[in-house]
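Given the sequences, and given the hints that come with them, work out the whole structure.
There are 2 protein chains.
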Amino acid sequence: MTRERPARANSTAVARLAGVSIAAVSRAFVPGSSISPELAARVYEAARQLNYVPNNLARSLITRQTNIVALMLADMTNPLFSEILAEASRKLEATGKQILLFTPEGTQGFDQCLQRILEYQVDAIVIAAATISSRMARLCLDRNVPVVTVGRHLPGIRVHSVRGDALDGGAQAADLMLAGGGRRFGLITGPSDLTTIAERQVGIFARLKQTIDTDQVVIEDGRLTYDGGYEAALKIMGSPDRPDSLICLTDIMALGAMDAIRFELGLKVPEDVAIMGFDDIAESRQASYQLTTIRTPTRQMIEHMIRLISDRTAMDAPEEIEMPAELIVRRSTRPITP
Amino acid sequence: MTRERPARANSTAVARLAGVSIAAVSRAFVPGSSISPELAARVYEAARQLNYVPNNLARSLITRQTNIVALMLADMTNPLFSEILAEASRKLEATGKQILLFTPEGTQGFDQCLQRILEYQVDAIVIAAATISSRMARLCLDRNVPVVTVGRHLPGIRVHSVRGDALDGGAQAADLMLAGGGRRFGLITGPSDLTTIAERQVGIFARLKQTIDTDQVVIEDGRLTYDGGYEAALKIMGSPDRPDSLICLTDIMALGAMDAIRFELGLKVPEDVAIMGFDDIAESRQASYQLTTIRTPTRQMIEHMIRLISDRTAMDAPEEIEMPAELIVRRSTRPITP
DNA sequence: CTGAAAGCGCTTACAG
DNA sequence: CTGAAAGCGCTTACAG
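So the sequences go chain by chain: A and B. If you count the first sequence from 1, position 27 lands on 27 in our numbering, and the numbers rise without skipping. If you count the second sequence from 1, position 50 lands on 50 in our numbering, and the numbers rise without skipping.
Worth double-checking, as some hints may not be accurate.
Just so you have them, the derived chain B footprint on chain A, three or more residues with Cβ under 8 Å [said to hold, decoys possible]:
#1 88-94
#2 114-126
#3 186-193
#4 283-292
Some chain A residues well away from chain B (every beta-carbon gap over 12 Å; in silico) [to be verified]:
#5 Arg-8
#6 Thr-12
#7 Glu-322
#8 Pro-324
If you are wondering where the hints come from, they were derived from the structure by calculation, not from laboratory data. The beta carbon of each residue, even a glycine, is placed where N, CA and C say it ideally should be.
Put into structure tokens, the structure is as follows:
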């Protein structure tokens, strides 16, 4: 029962069956081409009989457009990036583009990854949780492929960036905690080479030091994961002068911290310790957490991203878009005391 | 300050600068080609000077291999699929392949989506949360592109499938609930055209009816989301003869149900009502939930998937891989009473 | 090992 | 509107 394997029909085969030129076949499948309805109909009929599917590769070779956008996403453990991926894919598909996903591992794989991205001749590159070097950014610029970072800023690298106002976000977080009566602070951080992480921390400290002695703030690295936040919280809450306020630089760490504090230490949130995070991931809304947070406006950021990658001429003057931070107050923080 | 835009260097430009043929340039970049180290070195030097990046499009046109795998993923709201995506991307990249993501919307977009997939000349198609018609499967078969469904079976469609043993999973779930003393059951379901969902339900009922009158089971559709599970749980628990056991056909719905039951109805889990789900998503492990569940072995499924798409000749005899169901007992169910 | 030539499947000026 | 021809940037028999 060997099944015959018809070679994939190409435009030549369709042209022959339809009795037209291959140019006519091409025109029948390129919207807006000048072709008579009669000719087009004959082409479609032949194409249908042969199960013809146009070859995007050959087309892209000529048009220099692949309708492929590369997305670099190193950290898939944070739900924030799943949300970004889902939203970006949805919006890009509406414009006829698809996402080619790259999940580089280790810190040194980024440039090598970008090299591969360029081989695919993508129309644009979106960097959501990754880094590229100045040299590679220059290479993209020379090749005229737009690069946008979302949720991150790469200082000194000439690419577009779209992100939230991390400085102000940090300030708002600190303000809320102070207004709720917080005086002893714990902070769960992540890698400080991530500008968003670093800036949130700067924003927090700028406000805290107006009211408290920031040398007393207990800091632990939570590795940007639920488990990391869980462990960091245990360490912080075990310190002699137990904090009454815990700020986590991402929501996913805050969820881990909340769970450690409530279920392992048996403390009450926010009565014993107020907790907040950053990003407003879907999980933070869930009834089990009701986490107060600073929202990262994913939707609007992605709209900006799409606008930026659509304009190839703009790469000479990279844009830095900064979205306002928005405080979302839920149940994990204490009410403001006058 | 207009920057000059050097045209992207092609193999001809590299060949000219290196003083060799374009065939030599090609050989320098294709591993295993017969080329002398001296020639290769000259090519690399010229390539470096020109920032040359090989064009995968042109290469793929000849080799008929794009190193692109299409992944159809309609439902990005279930963390299970984020986990599948992350794992698949990691594993595929290790073999030099990238995922081209397709997130079709609406039930009728699937075939149209597949048409687009074929235009990209992908090496294989993975269907994780989507459906294709028998006609389109036939088209893929004729074009010799492997198709694998993961976590789902499409009856009557000749493609590979990798999935958990949903029937036995359902049976194990029911057994555990009964062994814990459960007698009044609630069930939160999803679309019954999903075979996995339907089979889990069949497996559950097959066991339940050996012990209880299954006509009394209260059933609600949870739309496969957290919010859907939340709302369905409120309805079910509001019924006159309140269930003491609630089985949710996916974890994400079970989390919503748990939250509704604990925080909106003020009931205790598992004392007032035992709850369990299916899939074992990361969230189910979190201390806030500790959800008993039937694991979907994502990792192994993806290993099978990769094996299946690597063998183009196997499509004539589609394989159906069924992984054993594994019960993960946590704190949301009652201990077994002898 | 090396190069000249053919060709992958298309699109696009260019004539008509 | 339509077709013949050139060409996108590569790889791969084929000779040497």
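| Which of the numbered hints are not met once you compare them with the structure shown? | As far as the earlier hints go, 3, 5 are violated by this structure, in ascending order.
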